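There are 2 protein chains.
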Amino acid sequence: MSNKYTSNLHIEKAKTSKIKDVDFDNLNFGRTFTDHMFICDYVNGEWQQPKIIPYQAMSMDPSARVFHYGQAVFEGMKAYKDDDGGVFLFRPKENFNRINKSCARLAMPEFPENYFFEGLTTLLNLDKDWIQPGIGNSLYLRPFAIATDSAIAAAPSDSYRFMIICSPAKAYYKGTVKVLIAEEFSRSANGGVGFAKAAGNYAAQFYPTSLAQKKGYQQVIWTDADTHTFLEEAGTMNVFFRINDTLITAPISDRILDGVTRKSLIQLAKDNNIECEVRPIKVSEIVEASKNGTLKEIFGAGTAAVISPIEGFEYKETYYELPEIGDHSYSSILKNNMLNIQHNLAEDKNGWRFEVK
Amino acid sequence: MSNKYTSNLHIEKAKTSKIKDVDFDNLNFGRTFTDHMFICDYVNGEWQQPKIIPYQAMSMDPSARVFHYGQAVFEGMKAYKDDDGGVFLFRPKENFNRINKSCARLAMPEFPENYFFEGLTTLLNLDKDWIQPGIGNSLYLRPFAIATDSAIAAAPSDSYRFMIICSPAKAYYKGTVKVLIAEEFSRSANGGVGFAKAAGNYAAQFYPTSLAQKKGYQQVIWTDADTHTFLEEAGTMNVFFRINDTLITAPISDRILDGVTRKSLIQLAKDNNIECEVRPIKVSEIVEASKNGTLKEIFGAGTAAVISPIEGFEYKETYYELPEIGDHSYSSILKNNMLNIQHNLAEDKNGWRFEVK
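Residue numbers (my numbering), protein chains in the order written: chain B, 678 to 1034; chain V, 678 to 1034.
Chain B with its partners taken away, still in its complex shape:
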């Protein structure tokens, strides 16, 4: 826990709740927000008093640096509720550590740990009615930080805002997805910011992804910018490949996000006696494995989707379909294990659950 920052959270409760207007069976991901939000400003070299206030729009100067120079980072987390009303987070310290790594890479000040956890747990207690129990339901949590200084010089901001907003969610992806393997466009450079959850990393993927979508693919699997021969990640998901009975996923690097779901699945594979190799993986290896029938599964892994099984992929104008495996797939085994841990329905031998009290 951080030290110089004393706990001094200000709370202003919403007068009425919007929850009665929400149709929890028909949620559009990321468009509905709870009654409260967490907000903390950085001014004059110090994080100011953190606050929880009713969710509301905020006033921004048109010259705020976030609009011009993209100093913005975020995290994605989820809160789960069990049938007894207990509220749980999943490895929140990982997200806390990562947003500060992202901040450091974007020349933004790191956020104090006690502010983060006090803000997050207080917010969840206030808005816990928004968390629906049951597998597939969650409250998606979006901590983020933006540069607020009113100045259009191309330099780091003097002031920042750290916020947490919350949006009730069902599963992010419906069903399976088909992916296009990148041959021309790239997501990140060696020595760049690909490992960070930097806002600009996402906008950069939208256009190539829209081209893939026109061809019938929902996502792009990015390859290394130098040679387009090594598989990296899918932009909002890390990617796992199963060849015969071995899972393979790319090592993290300065180009690849250190996904919390990714690292949890590597451990869960071990817990389930599934061999998992973390090593560079060539596109040619999965093409060959698909041709000779040893490529059994590909799936994406991320907080929003947990696991997204991939139905097939296109590479160099050829489509490769994955076999149907069904309930015995590694993706099903690992996803169920993961969801059961997250929802307090399975033993948590790695100590990942964090009960919100």
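Think of the hints as simulated: they come from the structure by calculation, not from any bench.
No copy labels: a pair is met if it fits in one copy or bridges any two.
Quick list of in silico lysine-lysine cross-link-like pairs, BS3-like style, CA-CA up to 25 Å: (1) LYS892 with LYS778; (2) LYS891 with LYS778; (3) LYS695 with LYS728; (4) LYS770 with LYS755; (5) LYS855 with LYS968; (6) LYS940 with LYS847; (7) LYS695 with LYS755; (8) LYS690 with LYS1034; (9) LYS1026 with LYS755; (10) LYS805 with LYS692; (11) LYS692 with LYS1034.
Keep in mind it's a predicted model, so treat the numbers as computed, not measured.
Dock chain V against chain B, hints included.
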């Protein structure tokens, strides 16, 4: 000129001007804004009525996609005033075309040409008292576009805002600068967004630049992310090298911004009978040229600074100092020629000046 968009600019004038509070001799770049701003929203697949209104803060939802996914692009332009009160832009069509290229790469809608030029010229007529005559004075213009949709799904926004804000400026860089040549960090990837004026490109440079600044360098010259052997650009400036009597600058690519100042200087060099080669240039070539005394000049070129002469550079822990050349330097010749054209003090044989009427 665009067609489907009829001119329908709404103007709301500021009741009073802030100009009397401005000390034009002591301007801090990008912190003072004129009385008005241009604003146009994109909703339901259409650009709505463009408006000029008093400069003011705006209301933004915390979930606005620009904060989370970095869909934001901008331009930098300047307006100049001659001693007769004439107001001039410099190749504004280049900036207009480029912001639309940036928009396309970030999956943002292109902005109509007649909206842009009507908005810009009307804004300049309203705020022309903010443009001071004289070399070195200008009104810096910042067209930009941001994603405004209130939704945190990682996908292109449905709504956008295009704005132009204006800030009176003196010369951007004071004196000469020393630069560090990048050996580890990178600005952009092949197949990425380095050629676009995407907000996220700038935030990504701040941390490596801050490390350079700690070593006494004001800027970084970026190299290719693959090998760090080819010189690219300086992030806010393209870069020119003079070896013997020849100027050399890197070709534009998907990693390097197609700078308006850069392309104008290439033409001005020709107009001044200075040989200018556009070709890949290795770090080793300028190191060698520095050692054997043939490296005469390095300078940055961009709208903000016009030309920034570089005093020396560090590469692999060795500092290389450039010789002092003085008024006969190519940077002086070209900068003076450029400023004189911009300020309506020299013949404009290339037809670059655009008088605002």
